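Peer 1: Spelled out from the first residue to the last, the chains are:
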Amino acid sequence: MTRRARAATLRASRRRGMRPSRAYNVFRVIALASVVVVFIFPLVWLVLASLKTQIDIYDPSKTFIFSPTLHNFKTVFGAQAFLPFFRNSLIVGVVSTALSLVFAVPAAYAMSRFSMTKSSIMVLLARVIPSISLIVPWYFLFAKIGMVGGYGAMIISHMFLSVPLMVWILISFFDTLPIELEEAAQVDGLTPIGAFVRVSLPLSIPGIATAGILAFIFSWNNFLFSLILSGSNTKTLPVAIFNFIGYASIDWGGLMAASVSITVPIIAIAMFFQRYVVSGLTAGATKG
Amino acid sequence: MSSPVIAWRAAISLWVNRNRKWILSGPAIAFIVLLLVIPLGYTLYLSFTDAGSSLRASFHFTGLGNYTNVLTDTRRFWPAVYRTVLFTVGAVSVEMLLGAAIALLLRREFRGQGIVRVIILMPLVATPVAVAMLWRLIFEPTIGFANEFLRFFGLPGSEWLSSPSTALPTLMFIDVWQWTPMVALLLLAGLTTVPEEPEEAARVDGANVFQRFWFVTLPLMRSVVFAALILRSVEAFKTFDILYATKGAGGGSMHEAETINIYAYGINFSDNRYGLASAVLVVFFIMVLVLVTLQIVARRRGQ
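Just so you know, the protein sequences line up as chains A and B, in that order. Going by our numbering, the first sequence wraps up at 288, each residue one higher than the last. Going by our numbering, the second sequence wraps up at 303, each residue one higher than the last.
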């Protein structure tokens, strides 16, 4: 078949709507179904285990069929009093995210508009450096000024996580905003900073939302910083979960119920703001 | 009239406009530098001392002593380095392959695509420590689902996380489960920026699916593939959450899951040998920098 003939057949087959072959379609459905099962099954398993009694968890005959109970959740919120840890996670997450925005939004704007390469490389360095090589000296320095165990040290450490993340996301966002709008505003008498605040800032709300949501998720999930810097009253959820692991035995039901309680809110947020989460996670990767 | 006030205002706003680059970015840069440079300097300083148990007690300079101790420690340090590299290379290569496959599956529109995307997003945003706890239960040798599953097919069970020989591969599996979606999302985002024409042309020339992907699409996506590779390998190299949450501070009774991260944590917070830990951290920091630089150089050369 000549090239032209082949192109003609291809066009014809596309018109008939037969583009992918039948075998490929079957393969694709099976492949997609396995992907779904592999990624969702463990989470389903987690929810099932959280609804079982310790005895049922130990009984292989009750893998899928058992009488569900909310006993474990009662332990989590009653006996284990998990609510204060929710409050701690929320305080650290919200405050660090809000403060980080104050630092990151103008910085990302300046780095985008003035192509500040050196500064943005330093921001990148803050993202690649292993947390452990910062948290160890932070621990000593914060301990010296009496900040270990309080919210301050944790909020600052989480901000160190979110400021570079936000700057990174927002630089690529501001790069896509046309500079002409600001120039027009300046012709109309606004100062350059006034043009940024009045014109570009309102337009960048989607980018700011992306950065904020992602920073909150990262803060909520962060373990190492809270493990080292939190006190018994300021523990966040990922650290408090270890309360269910004793020296001798593990309260599996309680542990799973706690895991569900920690994970459900953050997954719900991510689902609700799915578009922002995906665009935030992939920001900067497609350009270069 | 108030002409001096007006003059002052004009001068200030001129100054603000001239320096707006630094006024806007200064606070963030200062924040990062403060929290980056001072601790690193302090770590470097401590790494040349015998600081331990209490920083208040006097400590002395020991020159390169800590570094010699670390770099000659073939019992824990070098095995930890080996495990870190093994974990990173193993987990990330599987993640890249599976992630590419999933991205290609999701590339063309279909009914239910939204649901699949939501589902692969779940492991990504789920709290890593909670995820680790979940896998601890699944891989529990007596009550876990993994062995139940094997028994169903008449296969012998495994010790999974508990046995020194299977702990690291099991942990790599968990990392793959949690982070393959990240690679898939990145590559999917990359795929949307690739024009379809070159592929169509190759199809007309008679290239099969595999050839089209390997010779046409992949080269066009080189920068996204490298971005995903750098991001994932740096993250995998510093994995802490799932290792600590499943195996504890020492990486298990025989340190079978001890990576550089866990080793540094243990030396510092369990053994309280701050000087030595600082030397480990400096070495670790240099390794990550080398890793990042190597990948960026490779990427430049590839382009």
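Please keep in mind that the hints were generated in silico from the structure rather than gathered at the bench. As the structure is a prediction and not an experimental result, all values here were calculated from the model. Don't take each hint at face value.
Stated by the list, open to error - Keeping only pairs whose Cα atoms sit at most 20 Å apart, straight-line, the calculated EDC-like set for lysine to aspartate or glutamate is:
(1) B/Lys-21 - A/Asp-175
(2) A/Lys-144 - B/Asp-50
(3) B/Lys-21 - A/Asp-251
(4) A/Lys-74 - A/Asp-56
(5) A/Lys-62 - B/Asp-50
(6) A/Lys-118 - A/Glu-182
(7) B/Lys-21 - A/Glu-180
(8) A/Lys-62 - A/Asp-251
(9) A/Lys-62 - B/Glu-140
(10) A/Lys-74 - A/Asp-251
(11) B/Lys-21 - A/Glu-183
What the hints assert, rightly or not - Per the computed footprint, the stretches of chain B lying under chain A, defined by three or more beta-carbons under 8 Å from a beta-carbon of chain A, are:
(12) 35-49
(13) 121-131
(14) 157-169
Don't be surprised by glycine CBs; every beta carbon is placed ideally from N, CA and C.
Peer 1: Take the hints in turn and mark each one as holding or not.
Peer 2: So, going through the hints one by one against the coordinates:
1. Simply put, B/Lys-21 and A/Asp-175 have alpha-carbon atoms about 15 Å apart, close enough for the 20 Å limit, and the pair holds.
2. Distance restraint check for A/Lys-144 and B/Asp-50: the Cα-Cα separation of roughly 19 Å lies within the 20 Å cut-off, and the hinted pair is therefore satisfied.
3. Under the criterion of a C-alpha separation no larger than 20 Å, the hint pairing B/Lys-21 with A/Asp-251 is inconsistent with the structure, at around 55 Å.
4. Only pairs whose Cα atoms come within 20 Å are accepted, and A/Lys-74 paired with A/Asp-56 is accepted, the gap being roughly 17 Å.
5. With a CA separation close to 56 Å, the supplied pair A/Lys-62 and B/Asp-50 exceeds the 20 Å bound.
6. A threshold of 20 Å between alpha carbons decides the hint, and for A/Lys-118 with A/Glu-182 the separation of about 25 Å lies outside it, so the pair is violated.
7. As the CA atoms of B/Lys-21 and A/Glu-180 are separated by approximately 18 Å, the hinted pair is consistent with the 20 Å bound.
8. At most 20 Å may separate the alpha-carbon atoms for a hinted pair to count; A/Lys-62 and A/Asp-251 meet this at roughly 18 Å.
9. For the given pair, A/Lys-62 sits about 16 Å from B/Glu-140 by alpha-carbon distance, which is consistent with the 20 Å threshold.
10. For the hint linking A/Lys-74 to A/Asp-251, the alpha-carbon distance of about 13 Å falls within 20 Å, and the restraint holds.
11. Simply put, B/Lys-21 and A/Glu-183 have alpha-carbon atoms about 16 Å apart, close enough for the 20 Å limit, and the pair holds.
12. For the segment 35-49 of chain B, the assignment as covered by chain A holds, since 8 residues bring a beta-carbon within under 8 Å of that chain's beta-carbons and 3 suffice.
13. Three residues within the 8 Å Cβ limit are the bar, and the segment 121-131 of chain B against chain A gives 11, so the coverage statement holds.
14. Counting residues of the segment 157-169 of chain B whose CB lies closer than 8 Å to any CB of chain A gives 0, so the stated coverage by that chain is violated, three being the minimum.
Going down the numbered hints, you'll see the structure goes against 3, 5, 6 and 14, while the others check out.
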